[in-house]
Amino acid sequence: MSEKESIGTEQIEPLTEEETEYDFYFGPAHSGSGNFGVKLRVDGERVVSARADPGYLHRGFEKLMEYRVPMQNAVLSDRLCILEALNWNLVHAEAVDELTGVEVPKRARYIRVLMAELSRLQSHLIWYGVISLALGFDTGFKMAFGYRDYVLDIFEFITGGRVYPAGYICPGGVRRDLPEGYQEKIMNLLGQTQEMMEKIKDFSNIVFARRAKGVGVLKMEDALRLGATGPVLRACGMKTDVRKDDAYEIYDELDFDIPTEKEGDAYARCLIRDKEMEQSIRIVRQILDRMPEGKVREPEKITPPKRVKIPEGEVYVRNEIARGEAAIYMRSVGEGEPYRVKVRGPDFLHMIPVLEHLLQGSQIADVPAIYWSLNICPADMDR
Amino acid sequence: MADAPHRENKVIDEISSKFKVEGKFQRERRIWVATDKESLIALCEFAKGLGFEHLSAISVTDWPGEGTFELTYHLWSYSERILLTIKTKIDRVNPVIDSVVPVWNGSAQIHEREMHELFGVEFEGNQDLAPLFLEDWGGPPPFRKDFDWRDYVREREYDKANERERVYWD
Amino acid sequence: MVKQETKMKRLINAIWIFNWFNSCGFCELVPLVGSRWDMERFGMIITGTPRHADVLFIAGYQTLKSIRRAQIIYEQMPDPKAVIALGACTMSGGMYWDSYNTVKRLTDYIPVNIYIPGCPPRPEAVFEACMKIFHHVGAVPPHGRKFAKSHSG
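Residue numbers (our numbering), protein chains in the order written: chain G, 2 to 384; chain P, 19 to 188; chain E, -13 to 139.
Among the hints, erroneous ones may be present.
To be verified - In silico DMTMM-like links for lysine to aspartate or glutamate, alpha-carbon gap of 20 Å or less:
1) K42(P) / D178(G)
2) K240(G) / E71(P)
3) K220(G) / E140(P)
4) K66(P) / D109(P)
5) K302(G) / D178(G)
Claimed, not checked - Cβ-Cβ distance ranges computed for the label pairs, FRET-style:
6) K276(G) / F165(P): 45 to 53 Å
7) D178(G) / E175(P): 20 to 28 Å
8) R99(P) / W2(E): 40 to 48 Å
Unchecked claim - For the chain P half of the interface with chain G, some residues (derived, Cβ under 10 Å), not all of them:
9) S35
10) T53
11) E56
12) S57
13) L68
14) T79
15) G85
16) T86
17) H92
18) K107
19) V111
20) F165
If you are wondering where the hints come from, they were derived from the structure by calculation, not from laboratory data. Note that CB positions come from ideal geometry on N, CA and C, so glycine has one too.
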């Protein structure tokens, strides 16, 4: 017919009666994360299979660390996952401390945990904002990012940088002591965050319940088989947390709960996120009450990193960051630079095996909700 | 806790009774076991039976002086709360080893795919070893020690004769 | 007869932005949309498609894989257009200067109009750069004829 010729449809092969599947590329320019694409094979509205397409952010971090000494690596380790820089700083600092065998002072340990928990709070606020954007809840997005800026103000007050603290948590302790007046500012911040959660709790629960219940259900045996950790695993019913099972720093002296849910869907992950924010606030209050006096770094003077050598050995350090289990395997042969650093991030497992498994059989309209409920950070995956 | 070292040593003893390994107790909750390539799969299945159901990471270390690749498998047990690391060495010129996908499934598969791309290790039994991060990469496996990044980048990008770029050559 | 430059200056009161944030740009560009550093009061909004955009923000270091997609997006944007590069790593490789997979000289791939240094740049710096676009508009030739000759080759 003549209408077809005018718009050029004769160049596209029409689907026959038997073929109903077609390919569809989701990404990589997302509004809520770095660049990451997923190739979907779709039959009408239903996703038949998914294949992840990573690598847009690959810098080769592990080998970059082999060219630099630990104090330089401390600054580089902020950028392992941009959204929670202080947590990764802590993992790297612990790995070097265990290799050198230094005794980190008590006050430094408390400050490290304080910064790590504030970073966890800030990361969960990003998660809140991003999944609200995906589910069409614009108020939640604006509130979460607005209140997150108060946490970034505290970071700037203590470390000097809003997003990247320039290696504040370094091997041996922290770089400098907390400035005067930090208690009042942090107490204000905690009050503000709780106020935000109270304000939108009522209608946010309704929004998330209606749009995220039953979406992206992950069963416990699949989660264990595919390597899920952190909030994704806790939403399936497993009560585990590296801060309790494999305690590091001073977590064995603090009092906090581990929230779990049973359903394993996107709504369960949202509930866990809210409860974890409350637990982080509880931990920060305990730290402010108990902060001891003393040195903040061992050794106190940072010598130029020319001739300081790391003793020979190998360590495997595990931490609980906001997204799951983070680990570093560091091997040293007695030189100034480490011989091999292997970084294990939680998102490597969440974005490839778990995401491909969850997207199979879902609807196209649910793909953003599933994708953002896993709280992913492509920088952690590609390194 | 009084019996903490006993738990870890018990695990090492149980493994040593069935396999020829070198066990080491590093500290509370960390034990390291070195074995040879042939008994790797049987040891992994035995470890999973003991409760080490979470594969945390698989890593490869390049020892060009010795001519080997050293593989490390880091396993965590939720019930015992112990981290067991299994180390094994393979030849560097022809790096082939059995895949542990039959034991740990999805998480092993993606770790092996990454190690195949970055180091060039062949995992027999892993169906999907397609490139993961790099697109149209024609060079050698990038993380090996004989591929020096600084030389590579300086040759391609920075002109030594140029006043401002000479600093990258120092 | 009104000069072309004056015409352009009168038309541009707001710029529509397409974001290409690779990692690091995300954490300092999304707060710009939020309520504290509200960018909509300056007339800047984020569009979902390059066809509607005036300005391309390249935020964050680029790798060989992602710069190809950025080039496709740049070609899809209609004239007149401008490109803003954000961050130290985008402009010159930054702290990843010895990585085999990052782009060290962005101008080899895409022509850039404004550079914003910083790691990451503060929101105030991003606003100042956007203000400069309005001055820069006088230098952008009409219908992009000059651009087409010197850059698409």
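Hints and how they fare:
1. K42(P) / D178(G): 39 Å, violated
2. K240(G) / E71(P): 15 Å, holds
3. K220(G) / E140(P): Violated, at roughly 32 Å.
4. K66(P) / D109(P): Answer violated: K66(P) to D109(P) is near 26 Å, above 20 Å.
5. K302(G) / D178(G): This hinted pair holds, its Cα atoms lying about 13 Å apart.
6. K276(G) / F165(P): 45 to 53 Å: Because 47 Å falls inside the window, the suggested range holds.
7. D178(G) / E175(P): 20 to 28 Å: 41 Å, violated
8. R99(P) / W2(E): 40 to 48 Å: 54 Å, violated
9. S35: 25 Å, violated
10. T53: This hint is violated: T53(P) lies away from chain G, its Cβ roughly 16 Å from the closest one there, beyond 10 Å.
11. E56: Violated, because the Cβ-Cβ distance from E56(P) to chain G comes to roughly 23 Å (cut-off 10 Å).
12. S57: Interface hint status for S57(P): violated (21 Å vs cutoff 10 Å).
13. L68: Violated, because the Cβ-Cβ distance from L68(P) to chain G comes to roughly 16 Å (cut-off 10 Å).
14. T79: 5 Å, holds
15. G85: With a minimum Cβ separation of about 16 Å from chain G (threshold 10 Å), the hint on G85(P) is violated.
16. T86: 13 Å, violated
17. H92: 6 Å, holds
18. K107: 14 Å, violated
19. V111: 20 Å, violated
20. F165: Hint on F165(P): holds, closest Cβ of chain G at ~9 Å, below 10 Å.
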